[in-house]
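J.: Respectively, the protein sequence lines represent chains A and B.
Quick note, the first sequence lines up with residues 1 to 514 if you use UniProt numbering.
Quick note, the second sequence lines up with residues 1 to 237 if you use UniProt numbering.
Read the hints as simulated data drawn from the structure, not as lab findings.
A virtual CB, placed ideally from N, CA and C, is assigned to each residue, including glycine.
Hints may be right or wrong, so weigh each one.
As the list claims (entries may be wrong) - Within a straight-line C-alpha distance of at most 30 Å, the following computed DSBU-like cross-link-like pairs (lysine-lysine) qualify:
no. : chain 1 : residue 1 : chain 2 : residue 2
1   : B       : K110      : A       : K154
2   : B       : K162      : A       : K403
3   : B       : K110      : A       : K432
Stated by the list, open to error - Residues from chain B shown here face chain A by an in silico Cβ test under 10 Å; the list is partial:
no. : residue
4   : P33
5   : N41
6   : E45
7   : P90
8   : S93
9   : F97
10  : L98
11  : F109
12  : K110
13  : W128
14  : H154
15  : V155
16  : Y160
17  : F211
18  : I232
19  : P234
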Amino acid sequence: MAYDREQVIPGDSAYVGYDPNYVPDSVKSFVVHMYRHIREKNVYEIHQMYETSFQSISDRFFKDAPWPSVDAVAPYVDNDHVFCLLYREMWFRHLYARLSPTLKQRIDSWDNYCNLFQVVLHGVVNMQLPNQWLWDMVDEFVYQFQSFCQYRAKMKSKTEQEIALLRQYDQAWNVYGVLNYLQALVEKSMIIQILEQEKEGLEQFTATDGYDYSGGSNVLKVLGYFSMIGLLRVHCLLGDYHTALKCLLPIDISQQGVYTSVIGSHITTIYHYGFANLMLRRYTDAIREFNKILLYIFKTKQYHQKSPQYEQILKKNEQMYALLAVSLSLCPQVKLVEEVVNSQLREKYGEKMLRMQRYDDEAFALYDELFSYACPKFITPSAPSYDEPLVNYNQDAYRLQLKLFLYEVKQQQLLSGVRTFLKVYSTISLGKLAAYMEVDEPTLRTILMTYKHKTHAVDFDGKITSNADIDFYIDDDMIHVAESKPAKRYGDYFMRQIVKLEGVMTDIDRIKLE
Amino acid sequence: MGREMSNSTTNQKQQSAMSYTVEQLVAVNPYNPDILPDLENYVNEQVSSETYSLNANLCLLRLYQFEPERMSTQIVARILIKALMAMPAPDFSLCLFLIPERVQMEEQFKTLIVLSHYLETARFRQFWDEAAKSRHILEVVPGFEQAIQAYAVHVLSLTYQKVPRSILAESINIEGLSLDKFIEHHVANSGWAIEKNQNKGQLIILPSNEFNHPELKKSTADGIPLEHITRILPILG
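Next up, chain A with everything else stripped away, as it sits in the complex:
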């Protein structure tokens, strides 16, 4: 049910003059054409209507109101069950973006996703939908889950009616439900096996951007694919960074893939990948990926200026600069950052980074500030006990992650002092260095061992990799410093030129001379 007028829902009054049954001509035309294009599998046209027409109609007629109810438009589309589910998905997404959903609407949206995913999971869908739309479904699904958890945790201002509804519909946006749907999509689509087989040339998926050119449907496969990124995101929201990265493993982020076919998916993937690595202390992995995506955004954002995702792109861009600033302050490997990105970084955070590397009280305040600005909106997944006094606990999850992050920063406090001295000496006795750093020798030994421990990260397979820019070893009581030199990457450069030349020669071959 789209809009139930019998129930008094708080927020009704916001929709002044809204008649859910009134269908303007533009909407009539929109659904009729969209329905036809979906039946005829005209992916390009579907995409145009989805991206552009929907936005322009929303801007003109539905700036502050929902679209017409699904019941009102159903007659124009043969009451097609699946089309109605798709329409409602867009309907709720529009609502969340422009207005504030009521509790009942949140619950109804959950129902709609359940119905939609069940239809897809039963394998009866025979459509080809644009990747942008399929990504938006998964992205919005996770977003609405996050929004619901935040909403539910603000118990202070809840009315009795709302609490009764929450108790009654305890399955709506239940964390088990959300995770299991994403997992089911991954499994039913067999996407992990498909990606594996693709590596051996037995399957085509990435090459066709996930589209099915043999008369089938791309919906289940691509939803399954994007659900892996959905799981990455949900696990980050829960604070489980290890499992988050595990969920992403089947996707090779060192290559292009379906995840890069939609800019929103590309950015979400790398943002969460980088954040998870930051929390796992794999700083160089985070820095490398942030660097790549920030460079990419810098070069391509002009092409997205008119798109509805533009604001989000800019926001994530800023957040990733903040995360990059934090990562580099903890692990000063500036050589990993491209010049273009570096100059942007210095402009935005140059000052703050200098202060963060001092590790005094002001530094911690800055780490707090940047982390809080850039981190995901962590959630408490469990329902509150509705019998206890009504308090707001929506900040609890964030506070815990922040606290543990700052704790880690504090443990690395003494390391920047060590770095400064190691940069200046090639050998120095423990006694001398202890005197310069104004600590006793035993303390210096622990500081040096801490430096080693913190700069040598352990990856998934238990392998140790050093991310130290300055390294050393101790021989009894003498420290010998070794600075790592950055090697020029000739191999990559030649590879790229070889492929480029081949491309040019192929093009020339194609030219027929008359």
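For chain A, the structure is supplied; the task is to place chain B on it using the hints.
T.: Below, chain B alone, put in the same frame as chain A:
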């Protein structure tokens, strides 16, 4: 590093059958409240058979997050101790991220956090002092001492080519004859060597690796994965 792999011989078949089932559950059906008791039993099994599974333990901590009334602080404490034993892996922090703040405020968890802090900052003397005071919490998990000693040796191996005996002793909390035996064992099995220094006593020479011998560091910067080469083979051919 610090991950116990030894299985007690008597129940080996039973244990591996059980761990196979639980690992399967975690891989195939992790978001399922019904597997909570299996995961709890699995923690106890990890403790008694000196094995370890990060994935299973994270899965359990997540379920506790979803249903806080079902949380067992005793099990959580065991998970954290096992995580400490997995150092230098950051497993302890990974677990803390999933445990609510008010639970972390309980005495036994505050102690474990302090112990982790000492290990993270290589303050081995303070660690062993505090561990002695908290024996009652730690002794429930066999293999704890050995795991931490392995971690200490790991950090020393990253840092030193030659380490004074006294530093080694302090890091692993072994002295006198026991220390002699320990060193002998590693000389025979781990490539250690001993050097006698007139003024300061024994120096332990640790095996060379790329971390304490920077010249051994393989230059991976210009390596090209084979997959990339295969892409241009058709062009070159």
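J.: Now look at each hint and say whether the structure bears it out.
T.: Structure-based check of all given hints:
no., hint, in the structure
1, B:K110 with A:K154, "holds (29 Å)"
2, B:K162 with A:K403, "violated (38 Å)"
3, B:K110 with A:K432, "violated (36 Å)"
4, P33, "holds (7 Å)"
5, N41, "violated (21 Å)"
6, E45, "violated (21 Å)"
7, P90, "holds (6 Å)"
8, S93, "holds (7 Å)"
9, F97, "holds (4 Å)"
10, L98, "holds (6 Å)"
11, F109, "violated (13 Å)"
12, K110, "violated (13 Å)"
13, W128, "violated (13 Å)"
14, H154, "holds (8 Å)"
15, V155, "holds (5 Å)"
16, Y160, "holds (5 Å)"
17, F211, "holds (6 Å)"
18, I232, "holds (5 Å)"
19, P234, "holds (9 Å)"
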